[in-house]
Every structure is written in C-alpha cells, then in structure tokens.
Amino acid sequence: MRFHLLGPVEAVVAERNVVPPGRGRLVLAALLLRANSTVSRNDLVDALWEADLPANPDAALQTTVSRLRSALAGCRDQISTEPHGYRITITPEQLDLLQFRSGVEDAVREEDVAARVELLRNALAQWRGEPLSGLPPSALVRDHAPALTEERLRAIEMLATDQLELGRHAEIVPQLTTLARRYPARERLAVLLMQAQFRSGHQAEALHVYHRIRTYLADELGVDPGPELRRLYDEVLNSGEPRTTRRRREHHRPRQLPTDITRFTGRAADLAVLDRLVPTAAQPPVVIVALDGPGGVGKTALAVHWAHSVKHQFPDGQLYLNLRGHGQGHPLDSAMAIETVLRSLGITDQQIPTDLDGRSALLRTVLAGKRMLLLLDNAADATQVRPLLPGSGSLVLITSRTQLRGLVVREGASRLTLEQLPSTEGAELLTRIIGDRARLAPTAVNDLVRRCNGLPLALVIAAERATRSPDARLDDLVTELSGERDQLDFLGSGDDPSTDIRSVFSWSYHALSPDAATLLRLLGIFPGADIGVPAAAALAGLSQAQTVRLLDQLVDTSQLMNRRPGRYELHDLMRTYAAELAEEFDPPELRSAALRRLVDNYLQTAVAARPWLQAGEPAIDFPAGLSEPDTFEDARSALAWHETEGRNLVAVARLAVDQGFDDLCWRFAYASWVGPHRGNNWQDLLEIQQAGLRAAERAGNLIGQAHGHSGIGGAHRGAGRQEEAITEQLEALKLFQQVGDPSGQAATLRNLSAVCLDSGRYTEALAYGSSAQVTDKATGQPGNTAKSAYQVALTLLALGKYDEAVVVGAEAGALFREVGQRRAEAGALQLLATGWGRLGEHEPAIDAARAAVEIRTAMGDHAYQAAALEQLGDLLLATGRRAEADRVWLEALGILDDLGDPAADVLRSRLEDLAVGGNLWPTPGPLRIS
1 MRFHLLGPVE
11 AVVAERNVVP
21 PGRGRLVLAA
31 LLLRANSTVS
41 RNDLVDALWE
51 ADLPANPDAA
61 LQTTVSRLRS
71 ALAGCRDQIS
81 TEPHGYRITI
91 TPEQLDLLQF
101 RSGVEDAVRE
111 EDVAARVELL
121 RNALAQWRGE
131 PLSGLPPSAL
141 VRDHAPALTE
151 ERLRAIEMLA
161 TDQLELGRHA
171 EIVPQLTTLA
181 RRYPARERLA
191 VLLMQAQFRS
201 GHQAEALHVY
211 HRIRTYLADE
221 LGVDPGPELR
231 RLYDEVLNSG
241 EPRTTRRRRE
251 HHRPRQLPTD
261 ITRFTGRAAD
271 LAVLDRLVPT
281 AAQPPVVIVA
291 LDGPGGVGKT
301 ALAVHWAHSV
311 KHQFPDGQLY
321 LNLRGHGQGH
331 PLDSAMAIET
341 VLRSLGITDQ
351 QIPTDLDGRS
361 ALLRTVLAGK
371 RMLLLLDNAA
381 DATQVRPLLP
391 GSGSLVLITS
401 RTQLRGLVVR
411 EGASRLTLEQ
421 LPSTEGAELL
431 TRIIGDRARL
441 APTAVNDLVR
451 RCNGLPLALV
461 IAAERATRSP
471 DARLDDLVTE
481 LSGERDQLDF
491 LGSGDDPSTD
501 IRSVFSWSYH
511 ALSPDAATLL
521 RLLGIFPGAD
531 IGVPAAAALA
541 GLSQAQTVRL
551 LDQLVDTSQL
561 MNRRPGRYEL
571 HDLMRTYAAE
581 LAEEFDPPEL
591 RSAALRRLVD
601 NYLQTAVAAR
611 PWLQAGEPAI
621 DFPAGLSEPD
631 TFEDARSALA
641 WHETEGRNLV
651 AVARLAVDQG
661 FDDLCWRFAY
671 ASWVGPHRGN
681 NWQDLLEIQQ
691 AGLRAAERAG
701 NLIGQAHGHS
711 GIGGAHRGAG
721 RQEEAITEQL
731 EALKLFQQVG
741 DPSGQAATLR
751 NLSAVCLDSG
761 RYTEALAYGS
771 SAQVTDKATG
781 QPGNTAKSAY
791 QVALTLLALG
801 KYDEAVVVGA
811 EAGALFREVG
821 QRRAEAGALQ
831 LLATGWGRLG
841 EHEPAIDAAR
851 AAVEIRTAMG
861 DHAYQAAALE
871 QLGDLLLATG
881 RRAEADRVWL
891 EALGILDDLG
901 DPAADVLRSR
911 LEDLAVGGNL
921 WPTPGPLRIS
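Quick note: the sequence shown uses our numbering, first residue 1, plus one each step.
Treat each hint with caution, since some may be false.
Pair by pair, the computed Cβ-Cβ distance ranges are [to be verified]: (1) ALA125 with ARG182: 32 to 38 Å; (2) ARG263 with SER513: 50 to 56 Å; (3) SER513 with VAL409: 31 to 37 Å; (4) GLU584 with LEU53: 52 to 58 Å; (5) GLY820 with PRO20: 25 to 31 Å; (6) ASP658 with GLY900: 50 to 56 Å; (7) GLN738 with SER513: 50 to 56 Å; (8) ARG182 with LYS311: 28 to 34 Å; (9) GLY435 with SER344: 34 to 40 Å; (10) PRO137 with GLY840: 36 to 42 Å; (11) GLU584 with ASP658: 17 to 23 Å.
Hint data in this document are derived by calculation from the structure and do not stem from the laboratory.
Virtual Cβ for every residue (Gly too), placed ideally from N, Cα, C.
Produce the complete structure using the sequences and hints provided.
What follows is the structure, given as structure tokens:
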C-alpha cells in the first residue's frame, strides 16, 4: 500500500484509493504528517472537529479510527494505539512525503551538481498537485499545506540554482516564470528568474521581473525589495555579469564548522524540524533555534551535521564557537565570545569596543545584510547567548544542556529537545562502528542499546570498547555492562573527560543548587520508573511548591525528563550516577528516612483513592501521614492515579519489604489492591500482595496476614488459577475467624463465592455468597451488604433463576447507589440487563444497559464501557433496532481497538458476519464518517 499527501490524500492499493472521503481521510492525513510518531488524541480531535465537537469526542474518534483501520484492510495493523494517541508506522517507500524529503536530503549531501539535479528532479516528481487536496476545510490543511508548499518551493529553488550553475538557463525560464507569477512576493524566485533571463540574453525581461516584484511589494506590503534583488538589478541594468554567477573571492567569509561526523546516524525527524526553520526570504528576521538535551545525547553532533547539510544556503559564511557552558573550566564570557566572532569577520582589535554593549552593537552592524549561520555550541544560559544574536538575515543554532526558555519568550526562539536514540537507530550506530560482528549478533546489539539507554555518547564508548578486542563476543560485552555499579566505569574513556560518561554528567551536577543536587541524589534511589510531585516532595521532605521549583531546575538543566505533565524520570545511566552520589554523600539514616516518607506517601494516596474505587468500608486502621498525598475529586481521577503509577506500586511494595517498613508495607498492599484489580494486572497484584504478606508475617500481624492471603487469592483468581485462589481464601477465612473479624470473614466468603462461580461450582458459590450476605447485614455495613447481594445475584443468574436474580440484583444496585459506589452500581445494572433480557423483558433490559453505559463512560472504565456497549447492542438487535445496534457496536469496537484487547477481533468478526457484504461503512448515524 502507498500513501499520498503531495496532492490528493490517498491510500492506494492496486491503483485504487481505499479510504472514502471525509473524516477518515482527515485522520489518515494527520497520522501521515507525523508518520512513525504518536499523534495525540487532542490533536486528532482538533483536526476532525475544531470547535464543533461531538457530544463524546473520544468515542467518535475511536469509531473513526476503527473504520479507517477497516478500510486499510491488510494494512490495518500499521495504525497502532499508543498511551496518549495513535501512530501510523510506515516505511519511507510507502509515503510520497517521506520519499520527497529523503530525496532532498540526499541532494543536499551530494557534492556533484549534475547528480544533485537528478536527485532533486526525482524528489519533486513525488508531487501530484496541491498538498492535502481533497480534504474538507480544516485547521490541519490550513496549518500544514502552506508548510508543505514551502518545502516544495525551496526544493525548486535549489534545483534552479544548480541548473544555472550547469548553464541550463533557458530550460528553467518557463517554470520560474509561472512560479514567480503565482508567488509574486517571493524574492528568491525573482532572483533566479532574473539570472536565468539575463544569462539567456534577455536583459529587458530580467529588468521587467524586477519592476513587477518591486511594484507588488510596494503596493501590497509597503516594503522595498531586499538587498540581493536590488544588487542584481543594478548589475543587470549596467549589463555587467551578475555577481551571483561569479566565484567571489571575498575576505572574511568564515567557514568554521567542525568536521562533519561520518558515522552520524538517525535523527531524521529532528533534522526535518531544523530544515523547516531555515529562513527563505532575502532578509527575514533572525531565526534562532535552541537545541537542548542531557549531556551525551548528541546535541553537538546533530548541530554540526545539520549545519553542513545547509551551509550552501548561507553564502556569507558559517561561524562556530564553543561557549564552554558545561565542562572543565569556566563558561566563556560574552564579551570575549563577541570579540572572537568579530575577529573571524575581519574586524581588527582597534575597531572592537571595550564594553559588552558596544561589541554587541558592532556585531549586529557587521552581520546586517548578510546571510550567515552561527553555531553557538554548549551555551550556559540565555544571558550568555543574547549579546551574540544578530539583528536580521541569519540563522543562529544554539546547543545547551539548559532549556533556553528566556530566548523563546523574549527573542521568539524555537526550542528542540533532543532525546535518546530509538532502539533501531542505536543499533544502526553500533553496527556502523563495530561492523560485521554487530550484524551477526543482533540480540547482543539490542541489549547494548538498552544498557546504554540509547545515549549516543554511551553507545560510541561501548562500540569503541568492542573494537579493542575484535575477536571477543559481543555477548561478553553486554555481560560486562550489566552490573549497575560497573556501568559508569565501563563507559569511561580513560584519557578524555569529554568522552567519559561520569565526567560528562558531573559537569551538569556541579552546576546545581545544593537543594536541587540533594533532590537529584534522592531521585536516584527512587525505585519506580517515573515520579509525581507529591511523591518527590515526600522523598525530599519538602513542600510540593518547593519541590516543583527544584524539579523544574533539574528539567531545565536536562538532568531530569518531563515527558508527561506532572511526571518526572531519570534515564537509567543518570539514575545510576545519582544513586552513586547518594551512597557517597547521603548517610544511610537520611536515605532510609527519605524512603520511609516515600512509602508513607504512596500508602496515604492509595488510602485516599480507595473509597472512590471500592464499595464498602475499610477494615483496618491507617497511621497518620508523614507528607502531603495526592487527593481525588472523583473515581476517574482515583483510577487515573493507579493507571499512571502502574508498576511503581510493585516497586514501592518491594522497597517497603526490603527496607523493613513492615507496618507500612502490608497496609499499602491492602490499600492499593483495587488499582491492579481494576486494570486486570494480575501479576502486579500478586507481587504487591506477596510483599504485604511477607511483611505481615515478619511483624506477626494476623490481620495483615489474612488480607495478604485474600489479596493473593484474588490475583490467582484473576489469572485463572482457581484452585490456588480457593486455598488462599480459605487460609484468609481461617485467620479472620481466629481474630474475630466479621467484616473480613464476609469479604472472604464473597471471594470464595466468586471463585466457585468461576469454576462452575454454583451450589457452593450460592452457599458462600448467602453466608456473606447474612454476615454483612449483621454488621450493618450497607456497602459490603451490597457486594454480597450482587454476588448472590450473579450466582442466581448462573443457576438460571432469573426472577430471583433481578430481585436481589435490584437490591444490590439500590444499596450501591445509596453509598455512592457508581462503578459497582453499573455492574449491578448490567446484571439486571442480563436478567431482564433472559426473561424476555427487553425494554427494562435496554434501560438498565443504557444506564450502565452512562456510568462506565463517566467513570472512564474503558474496558467495562466496551462490554456494556456490546451488551446494549445485543439487546437492541433483539428488538429489531439494527441501525442503532450497529452504531453502539462500532463504538465498542473503537474502544477495544484502542485498548489492544483481543476481544476487538472477536467483535469485528461478529459484525462482519452480521453486516451486509461484511461492510459497516454505510451505517447511518452521528458517528458515521462523512
């Protein structure tokens, strides 16, 4: 399948566009414009509807994507669901835009002019008309079509420049004439057309081109032509050879770029971003690009490589200056930096002012009217850079470990943050350096990339180590790098601090304030993947406001990543470095106190989330908190916390038991049970509960042990290990009876009823459930009584006693509603929908199913929402409402596709069997793609 953006938007199979017009094409275009990258749901919703949003944008988007996948047939898996959006994965050969950009990049790197012309012609052949044509008017088209057209014009201008150099003047006049009339304000086109006309012997026509654009600029924009165009006009008017066609031997045209890196690999997306920032007009405002990222991520390599690729677009020279912002010694003083640049431009010592302002003003004067590229490497901060900025016409590319936000705010700079190489590009870099051994050991290479965290400097050092012993196996190198304590030693070059990972990291660390440095060290001993503000504040023993300021300092200096709002993470090598510093500078008692505050914070937050997610009353007491936990406004936010923390909960449970925080550990296991259970993360649940049980046994706490056995039983049940589940629940029941805890006994009886129901042991299930119901009513806890009633109703359904099931189920639903447990109420409504449906009472069944869908949607329970929608569709079909059922099923299918749930394929197969000709595209309704 081939995809087209440079003309009508298409997905072509056998010369046929398989995507119908409408929103499906808009989604396809949005994904293709950022091919192989995730496009957020918000961006897609904005592209589809802008301000005219449907009632449920997420559901409508899911349906649209699901239909698009169906249209792509055999290529449907190329669209994947990501945590925050969607991604289309394609090869460059599948998309005309990628082929065009690749061809232009190849041309830029090509030294031979004739070969460059052929590459540019082939690249431009990808265009079939106006970009993104055939799409309905939208922000997507307004935002991207002009930028794509600009890329095409730049390629045409590059081609025309090369054709002039080859003496093909007359050949390019017709196309340039057409383009100059279509883009009457584009001075570069006018320059090229004037040169072509003049060198073809048509002086009058060349002068006419100038007068036409001068008149247009004056009438429409109120400006005069730029200096390049005016200079060319004077030369044509005086019948001299145009200066732009001569090889000029001017003094002080610096060519200072460092040597390009021959093994440079990847970064295609970043290079494309930089390409789009190159100024195109003759004298635009200065373009400033700030490239930031952690030490060793390859900022300088990317900047130098890209600068070489575009240097021909800066005929007045390229300047390079290392500002020494991070490294050995002190940062370069701004005044001294300007003096160095001025000398490179031919300014004598006598002409250079002594004060900073005077030097800065002189630099702007010298650069005025010039088109230069300034590469300012390794900047300390915005204050150091600001005096070096020219006034107009040039491009300034700055690299720094610091996020130069001040330049973005005051000078309008564009920021580009560089991250670690993806695994494929990391493997390619290693292979280019190591050679055939790497090609023959792909598994070892991938392990090396992972151990080096995709950090280019670490990868290069590891590759260099591999080349020292050409006969050694790469697997042995991976083993040597596997020990955390040995990693930083392994990645030291020995003789050059600038290529030693520990030294590179230390330059950023030593620039931190004392409080920020302490926080970095403590983050190094945090056991999870990423951390939120409340947990980080607990770890540091500071207020959340203080902690946010310190986290921001760490992000600003590229020592901490902030990839999601409110979440912070260290890459593994920085984590190892920070943990090493913590062991060196922070005494054990300080580290232990910090970790106890951390575990306590997770415990208190889990306690705060629990009432929103689990019907019933807590059965244990919790200690007062040591820090400020997260708080929740509703069940959706409580569930979102569990989903965000994910495996962090396992890491915290393990930390708690390893550190001997037994009183906190078993309580945390009890309080956090509901999150992994809701997410069907049975292995996570098992590991957390096992840690809690071990802590309770070590503390001799029977209540904690009982809850631990019950939690382990729940994990076994979820994973389908029913016999193990029954064994654990019986052990829990025995312990609850031993300590005289009726609430614990009732909860365990409910669990036994559930696992027996799963096993088809309905009589036992009803007996356990009925016993639980009696016990809960005796304790006077309506939430727990509701759960017992619900379990009994489920068993009655399984036994075919539908009349009794709906009575008991209605009782459960009313109690759940009374105690505000809406999620549990939705479950009871779905039970009622099943019972009424089995009795042939379809209208009350449909009403119950609709109410369940509304609650599931409001709660954000996507998997349960899909199940409720599928149930509603079944009931609608039973009453002959086929079109409405189709719409509901398609919404469920979109959700299941997003979740990557195997149930999606089952539902899709069923819908294809039901649909006429296996095609649901004609389905009417508000979710239809049109």
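Hints and how they fare:
A hinted range of 32 to 38 Å is violated for the C-beta pair ALA125 and ARG182, which are about 19 Å apart. Against the hinted window of 50 to 56 Å, the Cβ-Cβ separation of ARG263 and SER513 comes to about 38 Å, which falls outside the hint. Taking the beta carbon of each, SER513 and VAL409 are about 22 Å apart, not inside 31 to 37 Å as hinted. Range check, GLU584 to LEU53: Cβ separation about 54 Å, and the 52 to 58 Å hint holds.
For GLY820 and PRO20, the hinted distance range of 25 to 31 Å is not satisfied, since their beta carbons lie about 45 Å from each other. A hinted range of 50 to 56 Å is violated for the C-beta pair ASP658 and GLY900, which are about 33 Å apart. Between GLN738 and SER513 the beta carbon distance is about 55 Å. The supplied range of 50 to 56 Å therefore holds. Range check, ARG182 to LYS311: Cβ separation about 29 Å, and the 28 to 34 Å hint holds.
About 39 Å separates the C-beta atoms of GLY435 and SER344, a value consistent with the hinted range of 34 to 40 Å. In this structure the hint that PRO137 and GLY840 lie 36 to 42 Å apart at CB is violated, the actual value being about 50 Å. In this structure the supplied range 17 to 23 Å holds for GLU584 paired with ASP658, their Cβ-Cβ distance being about 21 Å.
Hints 1, 2, 3, 5, 6, 10 from the earlier list are contradicted by this structure; the remaining hints agree with it.
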